[in-house]
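Student: Protein chains in written order, with my numbering: chain A, 1 to 81; chain B, 1 to 207.
Hints are computed from structural coordinates only; laboratory data are not their basis. Since we're looking at a predicted model, the values are computed, not measured. Certain hints may be false.
What the hints assert, rightly or not - Away from chain A, derived, C-beta distances all over 10 angstroms, residues of chain B: (1) S13; (2) S35; (3) E65; (4) G72; (5) T78; (6) L89; (7) R93; (8) D157; (9) L186; (10) K199.
Said to hold, decoys possible - Mimicking DSSO-like on lysine-lysine, the simulated pairs with C-alpha atoms at most 27 angstroms apart in a straight line are: (11) A/K73 x A/K45; (12) B/K18 x A/K52; (13) B/K178 x A/K45.
Beta carbons: idealized from backbone N, C-alpha and C, even for Gly.
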Amino acid sequence: MLTCKEFLQELSDYLDATVDAELRRKLEVHISECPNCFVILDTTKKTIEVYKGVQPQPIPPEVYSRLMKAVEKRLAAQKPV
Amino acid sequence: MAATTDAGVFDESGLLAKAREGDPAAFSELVNQYSRKIYRLAKHITQNDSEAEDVLQETFLKAFEHLGDFQGQSKFYTWIVRIAVNESLMKLRKRKSDRTVPLDEPIDTGEDTVVREIAVWDENPEQQYSREEIGQILDEAIQSLKPAFRTVFVLRDIEEMSTEEAAEALGISVPAVKSRLLRARLQLREKLTRFFKRKGDDVFAYL
């Protein structure tokens with residue numbers, strides 16, 4: 001059986017589903033027998049989900065307007081190389 | 001707007017071709033398409049509104065200036081992310097005189113994958129915290145990461161770039177992206193667990 005340390009090393013790839021079938025099987029055996037690693041896996045997954053759920057805030061209008069002004073000024077000055 | 005094809009799909013390569021010929025509307029459309037994501041990225045890395053605004057402007061001005069260098073082997077978005085990341089990291093380096101975290105310290109000590117906090121999370125943290133409070137908890141957790149970890153996490157798990165795209169945007173290897181991402185995720189998990197763990201539970205929750 002994998003050690004907890006070995007499991008943790010593979011955790012990210014496991015969550016991204018980039019491990020091969022053999023390693024996946026070993027990792028799944030580990031979590032079925034190690035409650036701590038199960039919790040770590042579950043809460044790491046939730047960590048990623050909670051950040052993925054954050055939608056980008058709109059740019060504040062004044063920031064956007066200054067950006068477009070700067071871009072327009074640059075576009076008027078010169079064509080790209 | 002001129003940014004869509006007949007099918008209504010955002011036509012990036014068409015816009016790029018026009019922008020290269022000096023069509024201002026085409027370039028403005030590209031800016032419009034990506035500015036929100038670039039601003040969010042810059043805010044996450046710099047953690048500072050005014051620096052993020054500088055990064056936003058500099059990214060698109062540089063992109064315009066070097067449009068001729070963009071060959072189209074990578075996605076335009078990956079290319080501008082690389083510019084934005086470099087600009088953001090430059091801002092951090094300029095702050096180096098203060099207490100700011102160093103950027104070039106060795107990363108692979110392995111020590112920071114140590115897990116201390118093991119607890120099941122509450123099913124509904126939104127019942128305990130308002131949306132604003134959760135946003136603040138997430139921001140503060142990200143802010144506490146070293147820039148090298150923070151940047152990788154933002155590209156991979158917030159901007160949802162692939163490992164290869166993140167490696168390209170950051171100019172580092174795929175294994176380096178993976179190793180930093182693992183550490184970033186574990187460190188964030190650790191920090192968020194302190195807020196989101198189920199009350200009454202602690203270690204060995206499943207035993």
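Student: Just double-check B/D157 for me: nearest Cβ-Cβ distance to chain A has to come out over 10 angstroms.
Tutor: Violated: least Cβ distance 5 angstroms, not greater than 10 angstroms.
Student: Could you check that no beta carbon of chain A comes within 10 angstroms of the beta carbon of B/R93?
Tutor: Fine: 23 angstroms to the nearest Cβ keeps B/R93 off the interface.
Student: Please confirm whether B/L89 is truly not at the interface, meaning its C-beta sits more than 10 angstroms away from all C-beta atoms of chain A.
Tutor: Holds, since 20 angstroms exceeds 10 angstroms.
Student: Test the statement that B/T78 is away from the interface with chain A: the closest C-beta pair must be farther apart than 10 angstroms.
Tutor: At about 17 angstroms from chain A, B/T78 clears the 10 angstroms cut-off, so the statement holds.
Student: Classify the label on B/S13 as holds or violated, using whether its beta-carbon is more than 10 angstroms from each beta-carbon of chain A.
Tutor: 16 angstroms, holds
Student: Checking the smallest CB distance to chain A, is B/K199 really beyond 10 angstroms?
Tutor: Non-interface label on B/K199 holds, nearest chain A Cβ at 15 angstroms vs cutoff 10 angstroms.
Student: Looking at B/S35 again, its CB stays over 10 angstroms from all of chain A?
Tutor: Non-interface label fails for B/S35: nearest chain A Cβ at 6 angstroms, not farther than 10 angstroms.
Student: Does B/E65 sit more than 10 angstroms from chain A, CB to CB?
Tutor: Given that some Cβ of chain A is not farther than 10 angstroms from that of B/E65, nearest at about 7 angstroms, it is violated.
Student: The output says B/L186 does not contact chain A. Does that hold with a beta carbon cutoff of 10 angstroms?
Tutor: Its Cβ does come within 10 angstroms of chain A, the nearest being 7 angstroms, so this is violated.
Student: Classify the label on B/G72 as holds or violated, using whether its beta-carbon is more than 10 angstroms from each beta-carbon of chain A.
Tutor: 14 angstroms, holds
Student: Given the proposed pairing of B/K178 with A/K45, does the C-alpha separation stay at or below 27 angstroms?
Tutor: Within the cut-off at roughly 16 angstroms; holds.
Student: With a cut-off of 27 angstroms on the C-alpha distance, tell me whether B/K18 and A/K52 pass.
Tutor: Violated - the C-alpha atoms of A/K52 and B/K18 are around 33 angstroms apart, more than 27 angstroms.
In this structure, the earlier hints numbered 2, 3, 8, 9, 11, 12 are contradicted, and the remaining ones agree with it.
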